[in-house]
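For reference, the chains in residue letters:
There are 2 protein chains.
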Amino acid sequence: MRNLLGGKGANLAEMSNLGLPVPPGLTITTEVCAHYAENDETYPKGLKEEVDAVVEKVEKITGCIFGDPENPLLLSVRSGARVSMPGMMDTVLNLGLNDKTVKGLEKRSGDARFAYDSYRRFIQMYGNVVMGVELEHFEEILDQHKKNHGMEQDTELTGKIWQDVVKDYESLVEKDLGRPFPQDVRDQLWGAIGAVFGSWMVPRAVEYRRIHDIPGDWGTAVNVQAMVFGNMGDDCATGVAFTRNPSHGAKEFYGEFLINAQGEDVVAGIRTPNPLTNHAKNSNDSDLPSMEESMPDIFAQLNEVRNRLETHYHDMQDIEFTVQKHKLWMLQTRSGKRTAAAALKIAVDMEEEGLITKSEALQRVDPISLEQLLHPMIDPKAERNVISKGIPASPGAAHGAVMFTADAAEKHAAKEPVILVRVETSPDDIHGMNAAQGILTTRGGATSHAAVVARGMGRACVCSAQGIVIDTNAGSMRVQGMTIKKGDKITIDGGTGEVMLGEVATIEPKLSNDFTKIIEWADEIRRMKVRANAETPTDAKMARRYGAEGIGLCRTEHMFFDKERIIAVREMIMAEDEEGRRKALFKLLPMQRQDFIELFEIMDGLPVTIRLLDPPLHEFLPHSDEDISVFSKATGITPEAVAQHIERLKESNPMLGHRGCRLAITYPEISEMQARAIFEAIKKVTGVSGKAVDPEIMIPLVVDEKEFAILKDVIDSVAEEVFPDAATRPPYKVGTMIELPRAALCAGQIAETAEFFSFGTNDLTQTTFGLSRDDSGNFIPAYQRQGIFERDPFVSLDTDGVGELVSIAAERGRATRKDLKLGICGEHGGDPASISFCEKVDLDYVSCSPFRVPTARLAAAQAVLKKKDRKAG
Amino acid sequence: MRNLLGGKGANLAEMSNLGLPVPPGLTITTEVCAHYAENDETYPKGLKEEVDAVVEKVEKITGCIFGDPENPLLLSVRSGARVSMPGMMDTVLNLGLNDKTVKGLEKRSGDARFAYDSYRRFIQMYGNVVMGVELEHFEEILDQHKKNHGMEQDTELTGKIWQDVVKDYESLVEKDLGRPFPQDVRDQLWGAIGAVFGSWMVPRAVEYRRIHDIPGDWGTAVNVQAMVFGNMGDDCATGVAFTRNPSHGAKEFYGEFLINAQGEDVVAGIRTPNPLTNHAKNSNDSDLPSMEESMPDIFAQLNEVRNRLETHYHDMQDIEFTVQKHKLWMLQTRSGKRTAAAALKIAVDMEEEGLITKSEALQRVDPISLEQLLHPMIDPKAERNVISKGIPASPGAAHGAVMFTADAAEKHAAKEPVILVRVETSPDDIHGMNAAQGILTTRGGATSHAAVVARGMGRACVCSAQGIVIDTNAGSMRVQGMTIKKGDKITIDGGTGEVMLGEVATIEPKLSNDFTKIIEWADEIRRMKVRANAETPTDAKMARRYGAEGIGLCRTEHMFFDKERIIAVREMIMAEDEEGRRKALFKLLPMQRQDFIELFEIMDGLPVTIRLLDPPLHEFLPHSDEDISVFSKATGITPEAVAQHIERLKESNPMLGHRGCRLAITYPEISEMQARAIFEAIKKVTGVSGKAVDPEIMIPLVVDEKEFAILKDVIDSVAEEVFPDAATRPPYKVGTMIELPRAALCAGQIAETAEFFSFGTNDLTQTTFGLSRDDSGNFIPAYQRQGIFERDPFVSLDTDGVGELVSIAAERGRATRKDLKLGICGEHGGDPASISFCEKVDLDYVSCSPFRVPTARLAAAQAVLKKKDRKAG
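Just so you know, the sequences run in chain order A and B.
Residue numbers are given in the numbering used here: position 758 of the first sequence equals residue 760, and the series is strictly consecutive.
Residue numbers are given in the numbering used here: position 613 of the second sequence equals residue 615, and the series is strictly consecutive.
Since the list can't tell identical chains apart, any single copy or any two copies may satisfy a pair.
With a Cα cut of at most 30 Å, we get these calculated BS3-like pairs of lysine-lysine: (1) Lys693 with Lys714; (2) Lys487 with Lys652; (3) Lys253 with Lys519; (4) Lys391 with Lys652.
What the hints contain is simulated information worked out from the structure, not anything from laboratory work.
Chain A extracted, bound-state conformation (with noise of 0.2 Å):
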């Protein structure tokens, strides 16, 4: 019934029918709304007569008359929609008072102050929402009122002057409208109700829809019901409360409650609110008296409903109650936020006690949350100085001493945990990377090189930090007026993207068994692999810890960093000849060898995808003068000649420039190089270990048949030699990365010699938007404040643009080679939402960074129930 009801009003209807004592009164469909929309601001026929026989009801069920200057009926009129929208009309409560029915109030609760206090809320709410006079004049009136008796709270002042405010709100209305404040209780309702059906047509309020593709037929509904209050002695309570603990999921009654108070109370912090239960006493060592025990008989209803709505909704519920003279009135029910480590085991707790379904414990847990519980945390008891807000862009909480290059962070990481701070970060500094506990930079966003590569590290990661000015030749960073220097200490919080000045306690987290019986049963349903994105055996052990069933994209320039082989690289970049490149590739050729020893041993027999060498040649290059020195000693070569060397490779657009495959095309003999390196590897572990070995060797940036087979022939060369005996020859096969539009239009010819395709959702996403993701930091927050992405789309795959390439590009794929083997290895293959859409499309697996393994696992079985809900739909 949500969509005629809203949200707000289903849960009100849903209590009322589950016989839950809910304050009575009706909901205006929105069907209403849309007549109203299309006729000119008129109601359908029947609906005043339906709306007066609902109120006198009311009026029997509660003894009020709605309008009676003795015994007023007061209403709330809330609208319902859907989903909350801004510029919607929310709320006004206590609608029914005038200037009679006050006195009848504040007769019937013997407190005047509590009475035109009600009265004043009401004409500034109504006054505002319905007739539109601006909040700040009501707030001047208050304030004068204020200075002139010397007082600094609302609550120091009594009812007579509450009743002076009252008169001059009325005045300030009369003047500013031209009319009086409406005395006609009756006008007073339907003016509410018209406000509402009215904002939902007001401009804010469909650029809002326009933006967020919300039909503008859906409508509001509106919400009339009976006002009860907790503030009309100490027979009264209002409180909050869930129906579990949701901060670790314990099945205990959670809440607060104050007596003879309103609900903004509890949470405005003005007074203690008191525990709900006994239990939560003693644990918190309270000497407020419990509900439980100061109200023990309406403790127990408020039990009784906890249970009635856990087993009507199947879930955790955050409930708001009222008690108005000693009886419970329910307000509110929806489903309650909750920690990672709460949904966990209210999700396992609810399957146990057969409250839902296996398959329904799964989609309660949302699987980025996973994500938080293999990092460390802040300690959430730790007090925290933020001096910056940046990107979230790794999880993990760390802290340790500022180092502004990568050699520092290197050498001092030997000392005491550092965080490597850089205007941003590139390949030259992975071994400070490496060494760092977590990386911070200025600039770039969730998918920029320092945060892909922390990610797939496993450090934590802030970037695009605030309002922080590094100066690395003067080793130090300015922030909030602070000038922070090397060595200085602060922490990072990768999961809000906070950065806080000295040394915030960190607390290591424990897998819980509710978190590997989850686990187990999305391994149950999911139908796609997951692989891990991994090179380093540190990263190849985490990823099968995590439960990787194999490396999705192993990125083998990585490998090349490394300090003792970085000069080779170089003078391999450097080289004049073919034979020259031929020597320094020589060179590299053992240590490549034993990467890939090392990789198939830890991964057993499991498929490793490898990605032959993809950047462009000037990223290995030295950049700094120092750097450039070092390697000129090194070599022989004169810093001349190196620095015209790089500027010789400098390029415009490097993202399109000539790396991936166009190196191999252009120099075969490094691909050979990297062949020869697999099939040694292979030979070496499958004879010594005699394990077996299931290498996928990947050609990256292909767009073009032609291309492909050209390389796939150098590879196949390499296999002929190291295994001249075709029987003895091992499987292994040769693919692609689908990263470029073109491939993907082409990936029926493509198929025609390619074994497998791996999405590279990344680029794909840079050159199907013509957008860069290392520059695109400067425009995409105004892209989603406007509401043109809804999401980032270098987070969440692009499924209109980017993901029809995709689809188009399995079909035409799978057109050509029934079995190809189809899997994505972008930042996207752990998105929960991305890997949805490859479930949709059919892929054979995901991979993703070690640390999203089990965000990916959870997803791709959440995946397989929404595509069979779909089904079933």
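Mind docking chain B on chain A? Use the hints.
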């Protein structure tokens, strides 16, 4: 019959059918080749008998007998595929000679030297291409003989010496292969035929076909013909001729011949050949007798052949003939190569002679060649000292003083013509490029900044000139060991890519009547409109002069680089906030308005597509220290602040960065100013001169319909402000560039608000291929060499990838909006193959640089004819 007989065989057969004197022989069809390949190198049943029968016929016709020691018949064997192919066997001449028949030849010719030279040539050719003996071994023997006799030229050797050479050749073959050179003439014949068919399957030919998508089953034909000799006495001759003058097209017989000579002697340049006609003899003041006077009857026969061939082929022919003992033999005919001017004249003349239709005439002219006729050309009579060669990037020849900076070029251009020489150009160089006669760069390709701007401006340009090293600081460049200093003169030819030392004379073109006529005919036939890319009044006027029907792309940023304006542009970029930006934009408004007033007046009611600001803002910032200090002085902003701003705006991949409509989303005030300038210009032009205006406002780099809709709103609001009365508001269109893959895929949604699409195929190619045009110079040549790209995709539209996106966008866009206007404004708009594609997908217009407009008009007509052919076929 071309498919069955190959090109050469088909022409020989046709000449024979026309009753022309062709040496008798036969063509073994391509079907036999297929049989040979599929059936273990055997021939179809009956072939041997057929060949024998034909040889017998040839014997009867020639009166010579194959293998007869007295009067031997000699044969030539040539391959004849549909296309010529590296690796394929080409020709064996003089087949039928052996140790006995050579004596018959000696006797018959009375010339031992001729007989043994012919024999040794045969052994060498046959020994090499059929038997596989390496050529250098034959050459070693020949060299040894020359050395022994102290001779240098082959022509000095006597018959006796050749006889010795023959003996040594025969020993070489026997030694090398272990079997003697075949003496049986039928073995020789089948050996040669088998070698031709066999060469179809050699790896090099197979690889070539794979790369060029030539089906393996096409096969090759083999042509076997009786040899004829033009060197058997003074009643023999040989020559080549064109049926019309190939350099200017006049209907005159044009050619050269030599008495008592072989075909290769005519082209070898050892003897000066005689003119064919008296007319040529007189106009060249030649002392040599013409064929017309020395062999009048043969000449008359040949002239008759000429007429028959033109009547038959309806085209100018390039023919080869031999006169053997006063008998004319036709050896070859094919369409003759001709200059652009000749092609025009021949096409127009032949149409007037009734030989061909207008449609055929149109198809006889290469559209690209027209551009040559618009630019100054190197005087063909001038001497040239070529010092480097690069990519011919913008046609025309130019000479001038070398200048290494834009400023120096601008300054010096007041005094004398200038060639601007840069490593590569940037938008900062525009004023220097404009001032220069020609631009020479050492980096970048045919679509680099230098090339694109130069073509737009009609300046000659050569890019990536080989071997030139520029030292801007020293003000000099080094090439081929020379140092060329600032002020030294060079000449560049943008049509050939040649760079020459000194001032080489150039000549100005004059458009012929033939040119005008062909273009008029084209206009009668073409469906697509042709517009020009232009932003300056000069360009716009030139565009109209060449018949442009509108401006398809006015790049507003080019208007910002003017010295007076750039300061305001930089102020706008460096402003701290929106207010500061608006202040600077306000200064630009009147200048930008004036730009549009001038354009609208020149275009006089023709459509003008104005693209809003496109490049990233950092392109406008000062780069050199000098520029920074000038700007700093003009504005009071410190050089440090400028430098910081430059640093802040730096992008890793500017092509994929904060540019195009992304600027407009973050700084809508820029689009507002531009829209205001446009609408105020419209107001002025329509109000004051009463001229019509047809403006199309184009939003660049769109990826999403929401993005477009937001910006269209900005433009529409300005229109409403400038023209508050809807009734008198002039019509205008708002549309978008489709230049990113996502825009193409989402075209259906974008067309809901966009009123036209213009395909920006430069950027679309960059993103579809993931290929930066500025960086691709390093590897595109390797891609072309290895046959991965047949043509540079920046020059000719890639129909498989980019083309599919264009047709997807056209289809989806039109499905949403039936009357959606579609055009192309990338560099491809001036490329005939790409224009043909545009016709295929039914675009409404193409837009190209002004100099390419005639090319595009002709190409658009050819595209219509080709489409009709496709439909008819």
